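Protein sequence lines, in the order shown, are assigned to chains A and B. Residue 58 in the working numbering sits at position 58 of the first sequence, with consecutive numbering throughout. Just add 1000 to wherever you are in the second sequence, counting from 1, and you've got the working numbering.
No lab work stands behind these hints, which were simulated from the structure alone. Fair warning: this is a prediction, and the values are worked out from it, not measured in the lab. Any given hint could turn out to be false.
[Said to hold, decoys possible] Heads up, simulated DSSO-like pairs for lysine-lysine below, C-alpha to C-alpha not over 30 Å straight-line:
no. : chain 1 : residue 1 : chain 2 : residue 2
1   : B       : Lys1317   : B       : Lys1214
2   : B       : Lys1214   : B       : Lys1226
3   : B       : Lys1321   : B       : Lys1043
4   : B       : Lys1226   : B       : Lys1167
5   : B       : Lys1317   : B       : Lys1043
6   : B       : Lys1043   : A       : Lys209
7   : B       : Lys1167   : A       : Lys209
8   : B       : Lys1034   : A       : Lys129
9   : B       : Lys1238   : B       : Lys1030
10  : B       : Lys1043   : A       : Lys132
11  : B       : Lys1017   : B       : Lys1214
12  : B       : Lys1034   : B       : Lys1214
13  : B       : Lys1030   : B       : Lys1316
14  : B       : Lys1191   : B       : Lys1214
15  : B       : Lys1321   : B       : Lys1007
16  : A       : Lys209    : B       : Lys1316
17  : B       : Lys1007   : B       : Lys1043
18  : A       : Lys132    : B       : Lys1167
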Amino acid sequence: MSADAPFFEWLCRLGDNTLVLGHRVSEWCGRGPALEEDIALANISLDLIGQTQMWLTLAGEVENAGRSADDLAMLRDAWDFRNALLVEQPNGDFGRTMMRQFLFDHFHLLQLQTLADSADQRVADIAAKAVKEVTYHVERSTEVVIALGDGTEESHSRMQAALDWAWPYVGELFASDAIDVQIAERGIAPLPDTLRVAYDQRVTSALTKATLTVPEGRFAHSGGKSGFRHSEHLGHMLTQMQWLQRAYPGAQW
Amino acid sequence: MYAQMIKSESTDDDPEKLAAFQARIDANEKIEPKDWMPQGYRKTLIRQIGQHAHSEIVGQLPEGNWITRAPTLERKAILLAKVQDEAGHGLYLYCAAETLGVTRDELTEMLNDGRMKYSSIFNYPTLTWADMGAVGWLVDGAAIMNQVPLQRTSFGPYSRAMIRVCKEESFHQRQGYDIMMRMAEGTPAQKRMAQDALNRFWQPALMMFGPSDKDSVHSAQSMAWKIKMNTNDELRQKFVDQTVPQAEYLGLTVPDDNLRWNEDTGHYEFSEPDWSEFFDVIQGNGPCNTDRLEARNAAWNDGAWVRDGMHAHAQKKQQTKVAAQ
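Same shape as in the complex, but just chain A:
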């Protein structure tokens, strides 16, 4: 491990969130409910993969062990991934996919906005680029959640079910641990729990417009961002995503 292990780990959290969610969204290719949705889903996935390249490249530089973004994406096993559990959850129906996106997007935007003031210029630069894309992601997922929550009886009940399903994964996004504390002390990023109030306001306002009920429970699954205990789903995703690199080691593609 390099001397700056906490920074490396923290960068992996950012890059793995965008990698894993970008991959999940790309699974929709050609299967969306309307052509416009196919285009939008591909667009979001593309943005997230692009952000992954920036975060994981920087992570590799900070680690200083000669690993590229591709090495990190394609050659780590599940326990070394640092994404939140929310983003590795399977797509389910379009309602689940969009609810997962909506709940992540609002967190993601708040996170990137605060990173504009990061003491590390490289982090600030990546965040400044990503924030424009994620502003659009928030607009779109919020519009879809409101429309489908308010739409028909069926779309409403599917969106409520999706919210109930995803909600226990929200808390982990904001849980601050020892690495977050170190990163905050160095002025790289604020503690994630400081973003929760603004998040709740934004999310609740949209969910109210969507006529959906925010679950009362505050229970939060954990184990993704620490890597201690991912869900079973991540390993299956990686077997697919990493297959070529694993099957033909050292080949250039």
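The hints should help you fit chain B onto chain A, whose structure is shown.
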């Protein structure tokens, strides 16, 4: 091609109007949606543009098959961008078809229940990463052969859609060839994948242009109307002439023992593809017809509640707006 074996509809309009219409076409004027046009012209175009649009949509599936297994982040991003372009092409083309008096939903239903076709090429499986190269290089390469002249087609909205599509297709072909180059200069396993992909896609790519149309009266009518700009054989020859040197540059062997350069004609001689296979694929018996149609039907049926929900929300918003006025 993306639109194959489009039969021209017969037309029994007023001969004077028909003559005036043909004169406009011969003068290279663009026909716009509100202009008078023969019924046959309208129907043929709906079928042709619709089939072209369907091909873009179904064409997402064989490439989507590899997005989740792309070997690097960059390859994944490029493939995503390409597939996104294809969905966009589908959208322009459906919009062009809609100007002729058919809705996108009607066209989609005709695709889903088999009344309308899409290009035969998308009924072949993509089995290795080299297939992403072969699809870009050969399939998009063949598509460009047809689409470049269609930029000059007589129907304005179709012509304009083709101009936008062509700009993006040349990027698609280059990225395909770039994958092939990387594979061809790679490890023995990668070279084997590249050759295998060419072996499997060569004949299906030739079939994309459709059977020889020298005897077809339908084709003659479409050419007179300038909704078909070249014969199938002309385009196929042009494709072979362009592609064979590219294969040689890659160090790959075109799977045709009869392939040879003819000094006198300045063209390659090549074997006809197996047309019985082509007709099997067109009739639903290609390796992936069932899978492709099932995937499209599942997307459409599973997405019904989403479209209904969005529609209901839009109507509620509209009613609130009206009430407030």
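Hint check results:
no.: 1; hint: Lys1317(B) x Lys1214(B); in the structure: violated, 56 Å
no.: 2; hint: Lys1214(B) x Lys1226(B); in the structure: holds, 16 Å
no.: 3; hint: Lys1321(B) x Lys1043(B); in the structure: violated, 39 Å
no.: 4; hint: Lys1226(B) x Lys1167(B); in the structure: holds, 21 Å
no.: 5; hint: Lys1317(B) x Lys1043(B); in the structure: violated, 37 Å
no.: 6; hint: Lys1043(B) x Lys209(A); in the structure: violated, 45 Å
no.: 7; hint: Lys1167(B) x Lys209(A); in the structure: violated, 41 Å
no.: 8; hint: Lys1034(B) x Lys129(A); in the structure: violated, 45 Å
no.: 9; hint: Lys1238(B) x Lys1030(B); in the structure: holds, 27 Å
no.: 10; hint: Lys1043(B) x Lys132(A); in the structure: violated, 44 Å
no.: 11; hint: Lys1017(B) x Lys1214(B); in the structure: holds, 28 Å
no.: 12; hint: Lys1034(B) x Lys1214(B); in the structure: violated, 33 Å
no.: 13; hint: Lys1030(B) x Lys1316(B); in the structure: violated, 41 Å
no.: 14; hint: Lys1191(B) x Lys1214(B); in the structure: violated, 38 Å
no.: 15; hint: Lys1321(B) x Lys1007(B); in the structure: violated, 47 Å
no.: 16; hint: Lys209(A) x Lys1316(B); in the structure: holds, 13 Å
no.: 17; hint: Lys1007(B) x Lys1043(B); in the structure: holds, 10 Å
no.: 18; hint: Lys132(A) x Lys1167(B); in the structure: holds, 26 Å
Consistency note: the structure conflicts with the earlier hints numbered 1, 3, 5, 6, 7, 8, 10, 12, 13, 14, 15.
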